[in-house]
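Student: Mind docking chain B on chain A? Use the hints.
Protein chains in written order, with our numbering: chain A, 6 to 567; chain B, 6 to 567.
In case anyone wonders, no lab produced these hints; they're calculated from the structure.
Accuracy of the hints is not assured; some may be wrong.
You can't tell identical chains apart in this list, so a pair holds if it fits in one copy or across any two.
[What the hints assert, rightly or not] Derived EDC-like pairs (lysine to aspartate or glutamate); straight-line CA-CA distance at most 16 Å:
{"#": "1", "residue 1": "496", "residue 2": "542"}
{"#": "2", "residue 1": "216", "residue 2": "186"}
{"#": "3", "residue 1": "407", "residue 2": "373"}
{"#": "4", "residue 1": "202", "residue 2": "282"}
{"#": "5", "residue 1": "407", "residue 2": "384"}
One-letter residues, chain by chain:
2 protein chains.
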Amino acid sequence: MKIAIAQLNPIIGDLPGNAAKILDAARNAASYGARLLLTPELSLCGYPPRDLLLNPSFVEAMNITLQQLARDIPANLAVLVGTVEANTKAQFNGGKSLFNSMALLEAGSIKQIFHKRLLPTYDVFDERRYFEPGLQPNHFTLDGINIGVTICEDLWNDEEYWGKRSYAINPIADLAILGVDFIVNLSASPYSVSKQKLREAMLRYSAIRYKHPIIYVNQVGGNDDLLFDGNSFALNREGEIVCRALGFDTDLAYVEFDNGRHDLLPSSITPVSESEDEEIWRALVLGVRDYAQKCRFSKAVLGLSGGIDSALVAAIAAAALGKENVLGILMPSPYSSDHSISDALALGDNLGIKTQTIPIGNLMEGFDNALVGLFAGTEFGLAEENIQSRIRGNLLMAVANKFGYLLLSTGNKSEMAVGYCTLYGDMNGGLAVIADVPKTRVYSLCNWLNTNSEIIPNNILVKAPSAELKPGQLDQDSLPEYEVLDDILQKLIHEHQSAAQIAAAGHDAVTVNRVIQMVARAEFKRRQAPPGLKITDRAFGTGWRMPIASNWLAVKGAYQAP
Amino acid sequence: MKIAIAQLNPIIGDLPGNAAKILDAARNAASYGARLLLTPELSLCGYPPRDLLLNPSFVEAMNITLQQLARDIPANLAVLVGTVEANTKAQFNGGKSLFNSMALLEAGSIKQIFHKRLLPTYDVFDERRYFEPGLQPNHFTLDGINIGVTICEDLWNDEEYWGKRSYAINPIADLAILGVDFIVNLSASPYSVSKQKLREAMLRYSAIRYKHPIIYVNQVGGNDDLLFDGNSFALNREGEIVCRALGFDTDLAYVEFDNGRHDLLPSSITPVSESEDEEIWRALVLGVRDYAQKCRFSKAVLGLSGGIDSALVAAIAAAALGKENVLGILMPSPYSSDHSISDALALGDNLGIKTQTIPIGNLMEGFDNALVGLFAGTEFGLAEENIQSRIRGNLLMAVANKFGYLLLSTGNKSEMAVGYCTLYGDMNGGLAVIADVPKTRVYSLCNWLNTNSEIIPNNILVKAPSAELKPGQLDQDSLPEYEVLDDILQKLIHEHQSAAQIAAAGHDAVTVNRVIQMVARAEFKRRQAPPGLKITDRAFGTGWRMPIASNWLAVKGAYQAP
Numbered sequence: 006m007k008i009a010i011a012q013l014n015p016i017i018g019d020l021p022g023n024a025a026k027i028l029d030a031a032r033n034a035a036s037y038g039a040r041l042l043l044t045p046e047l048s049l050c051g052y053p054p055r056d057l058l059l060n061p062s063f064v065e066a067m068n069i070t071l072q073q074l075a076r077d078i079p080a081n082l083a084v085l086v087g088t089v090e091a092n093t094k095a096q097f098n099g100g101k102s103l104f105n106s107m108a109l110l111e112a113g114s115i116k117q118i119f120h121k122r123l124l125p126t127y128d129v130f131d132e133r134r135y136f137e138p139g140l141q142p143n144h145f146t147l148d149g150i151n152i153g154v155t156i157c158e159d160l161w162n163d164e165e166y167w168g169k170r171s172y173a174i175n176p177i178a179d180l181a182i183l184g185v186d187f188i189v190n191l192s193a194s195p196y197s198v199s200k201q202k203l204r205e206a207m208l209r210y211s212a213i214r215y216k217h218p219i220i221y222v223n224q225v226g227g228n229d230d231l232l233f234d235g236n237s238f239a240l241n242r243e244g245e246i247v248c249r250a251l252g253f254d255t256d257l258a259y260v261e262f263d264n265g266r267h268d269l270l271p272s273s274i275t276p277v278s279e280s281e282d283e284e285i286w287r288a289l290v291l292g293v294r295d296y297a298q299k300c301r302f303s304k305a306v307l308g309l310s311g312g313i314d315s316a317l318v319a320a321i322a323a324a325a326l327g328k329e330n331v332l333g334i335l336m337p338s339p340y341s342s343d344h345s346i347s348d349a350l351a352l353g354d355n356l357g358i359k360t361q362t363i364p365i366g367n368l369m370e371g372f373d374n375a376l377v378g379l380f381a382g383t384e385f386g387l388a389e390e391n392i393q394s395r396i397r398g399n400l401l402m403a404v405a406n407k408f409g410y411l412l413l414s415t416g417n418k419s420e421m422a423v424g425y426c427t428l429y430g431d432m433n434g435g436l437a438v439i440a441d442v443p444k445t446r447v448y449s450l451c452n453w454l455n456t457n458s459e460i461i462p463n464n465i466l467v468k469a470p471s472a473e474l475k476p477g478q479l480d481q482d483s484l485p486e487y488e489v490l491d492d493i494l495q496k497l498i499h500e501h502q503s504a505a506q507i508a509a510a511g512h513d514a515v516t517v518n519r520v521i522q523m524v525a526r527a528e529f530k531r532r533q534a535p536p537g538l539k540i541t542d543r544a545f546g547t548g549w550r551m552p553i554a555s556n557w558l559a560v561k562g563a564y565q566a567p
Numbered sequence: 006m007k008i009a010i011a012q013l014n015p016i017i018g019d020l021p022g023n024a025a026k027i028l029d030a031a032r033n034a035a036s037y038g039a040r041l042l043l044t045p046e047l048s049l050c051g052y053p054p055r056d057l058l059l060n061p062s063f064v065e066a067m068n069i070t071l072q073q074l075a076r077d078i079p080a081n082l083a084v085l086v087g088t089v090e091a092n093t094k095a096q097f098n099g100g101k102s103l104f105n106s107m108a109l110l111e112a113g114s115i116k117q118i119f120h121k122r123l124l125p126t127y128d129v130f131d132e133r134r135y136f137e138p139g140l141q142p143n144h145f146t147l148d149g150i151n152i153g154v155t156i157c158e159d160l161w162n163d164e165e166y167w168g169k170r171s172y173a174i175n176p177i178a179d180l181a182i183l184g185v186d187f188i189v190n191l192s193a194s195p196y197s198v199s200k201q202k203l204r205e206a207m208l209r210y211s212a213i214r215y216k217h218p219i220i221y222v223n224q225v226g227g228n229d230d231l232l233f234d235g236n237s238f239a240l241n242r243e244g245e246i247v248c249r250a251l252g253f254d255t256d257l258a259y260v261e262f263d264n265g266r267h268d269l270l271p272s273s274i275t276p277v278s279e280s281e282d283e284e285i286w287r288a289l290v291l292g293v294r295d296y297a298q299k300c301r302f303s304k305a306v307l308g309l310s311g312g313i314d315s316a317l318v319a320a321i322a323a324a325a326l327g328k329e330n331v332l333g334i335l336m337p338s339p340y341s342s343d344h345s346i347s348d349a350l351a352l353g354d355n356l357g358i359k360t361q362t363i364p365i366g367n368l369m370e371g372f373d374n375a376l377v378g379l380f381a382g383t384e385f386g387l388a389e390e391n392i393q394s395r396i397r398g399n400l401l402m403a404v405a406n407k408f409g410y411l412l413l414s415t416g417n418k419s420e421m422a423v424g425y426c427t428l429y430g431d432m433n434g435g436l437a438v439i440a441d442v443p444k445t446r447v448y449s450l451c452n453w454l455n456t457n458s459e460i461i462p463n464n465i466l467v468k469a470p471s472a473e474l475k476p477g478q479l480d481q482d483s484l485p486e487y488e489v490l491d492d493i494l495q496k497l498i499h500e501h502q503s504a505a506q507i508a509a510a511g512h513d514a515v516t517v518n519r520v521i522q523m524v525a526r527a528e529f530k531r532r533q534a535p536p537g538l539k540i541t542d543r544a545f546g547t548g549w550r551m552p553i554a555s556n557w558l559a560v561k562g563a564y565q566a567p
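Next comes chain A alone, as it looks inside the complex (with noise of 0.2 Å):
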């Protein structure tokens, strides 16, 4: 049996164009002899739809498109398509209304729906907001094969794996006392630095556990700040790799199951970088060409301060989009470097994108001159600081405005971390492209860019840190060192560590409890941040949800370091 794997990338609600991608793909599986074809998860409207499903006429229209779906795809082509079923009992035995389904579509009809079975609810993830979780393995039998069916967090949760359980159930020794011949696991599962890694390994001991092949299918593609990285995979029985579809790209794949030796046989392996910096490069270029491409945008804009983090943004920018679709935008002041210009025209032939120049020294006496009788007595201070970066802000946004292009910003997750970068000002943006790549990665994706030629003006690389908002101003006069200070947060953010913790891994105790209070205290501005592409396993935005108002952390020394 030929089994095709469609790896979509779809727009979000967009059910008829999303519809028209897998009947694409079902045409060409059709047309290479494949028996049936996967989707991902919620193929039909995309994931995550979020709210989208609260509306009935959603849930309708998604219902209506679905039968449309079963007639039009091929005779002789079974196909599993990501939607939502209603869950008729709720009214009566209460639960959510809704399940998250695979519909299985043959001979011109809906066939079999199945239910996902274990609803992550943690990180980005807010499935029991809207679902509720099947109860009966899923499985159906085409040509006389049993084949299981799990809708990707079902997998998930094998004991022995992970050495603890996250949910009661554990799907697949459900579906392997029930004999299945192989298991399908359809996903949408966001990328996080080196998970493509975890899920093989992952599924790979599965596979072994319960001697089943398994064909794992991903969705992929950026929708806001989830990036899915696509890299579908198949195991034979033994655990071993047969098959891998493209990283960050659509793909159509195909695998064949042998009935007579019981497993998939080898077929087209794409290889995986190597390099987390390639990896997480990929990652970044394809989010913001699909943010762009789903809110209708061809053009982007965004500020070049001579710093590393615009050249790197301006960099995927012009990989993402074209270097002829990109606008930087140079906004110097008095307090302004010259090296500062130079390097961002630099950085601008060797991108070979636009560059405009609007000095901002005008714009900061006119504020200056409005602001000199309430201000009168004053010293310079961080609200003058501010008014640059929102004068450039204001400027970018209204080339934005004016022209169309999105306007990119460029602060990256050490800065968003501790609040050293202005609201309104160099955190304006539709995207927020690096928000969370830490300081430290910044420097090492733009080496690994320079791998071959320059293409990050090497003063950008060794030059200090600076905002440039007032005379001789450096990151590392407010800062710890970067590499101090990712560290910290890195303990802090990703591993939950409490002070003492970090303290006691080495870290100066003002140092660390001083970090505490900037991430605390910086929450306000981290709210109102455009959509940062998630590239680690704990981004700041739809999966961290902190109070503002709140008064935990080393405030009333809870969080005392020993």
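Tutor: Below, chain B alone, put in the same frame as chain A:
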């Protein structure tokens, strides 16, 4: 048995501070002869603690605080304290690692711990993200009286009252079978217009149905976007109100359970206002006061345009923080009408707040000059209108940053819905005071405020609304009449109606589709808005989770009116 109701206003995460508030109430209650003190849901950490719960050191600190509190409370007083307990079996059985709990403290120790059974995961609630549901009915015996314990949502599933089930079980039915003498419900129930009527009607139904007195305890205070209105109350077996605590303020109320009559005795009943405007006004004043205090601001600044929105917000701020702590800034442009200045000054006089005037004409020229090259050959349009708004936003933030003021933004819900507002301009602020108040309600609140004397200058109430960003501009040039707009928005946002349904209710189909498109396209602005005080059952903010890059709604004709 005398029972005290501690209607507390916790600060999220402030464990020592919240414990001190509980202890203070306990000492007072003991001195009045109370045998049992009731506190709201999660009273130790405040509701909602959100992702602070993911921090093991936070959970550990809560535990330590709880144990100390048990030692500190007066002898002869039992206290129910809202806290979390670890789900120690999660590792082996699956499930979330915490229970949303009430601890019974008595005689120096933690006597019993109860687990919330129904975990709301909808709108602003994310309880399945953190908690495992309790499986047992909760009750305890004190002086021979059998007391049933329920936590908030536990009492929101009476299938007879609602005509449907939201959850499989109804905890009050379980308690009735166990023969409890009365039931306490420890809540943190967010405010929305008229919600108190709903609570009282619902619990009256259950009290009568099960013939049990119910004591309902609610948190009070503002926590970011969420407002808790207090209004704790008690019902006797006949479902009659025998006690009601203050609305929108802390309180310590008492009820007496008469063991002989097997019922609660009449006690003090605070009347509730029949005026929705008064109720909303008090909610918004509380929200501003608490957000400011809990974020350690004593003063607020806002832009005064001479329009009705900023007038209302100024009045709320003056009531919340004291007129001497509110600064209104007028920022007239060449497009500003004379009355916009005179009306704003008259408002400032009426309220007794300070005002400052900063004309922005020169700054507008400065931006025109800066952009003259890039914008050559283009027409004056939205970009230029936004520049003005962002100049004002920059000036307001400069004042806020310089003097440590909280900037209040003044946009209403109708504007936020359709995007009739400028991101990084008039949307700037730490708190969006009336972001959940539709424009028609803004008028009604101002008229209510003027009942006895003119607080909002009459000219502000009678003139046509205008953003004054170009000559002669009126809101109604771009938007439907606000009565029409607000009704469409109510049906769309609150009632989840389709375009066809809204049009069928008598609205022009073209207008309906245009509004729906505006709402969808403004999602990127709302994503970056400050927290807005929630006063309806569906507010933009934490309970509104919409994709930005999506293609549902009129775009592809999915939302066709008939």
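Student: Identify every previously stated hint that the structure contradicts and give their numbers, smallest first.
Tutor: Of the numbered hints given earlier, the structure breaks none, since each of them holds.
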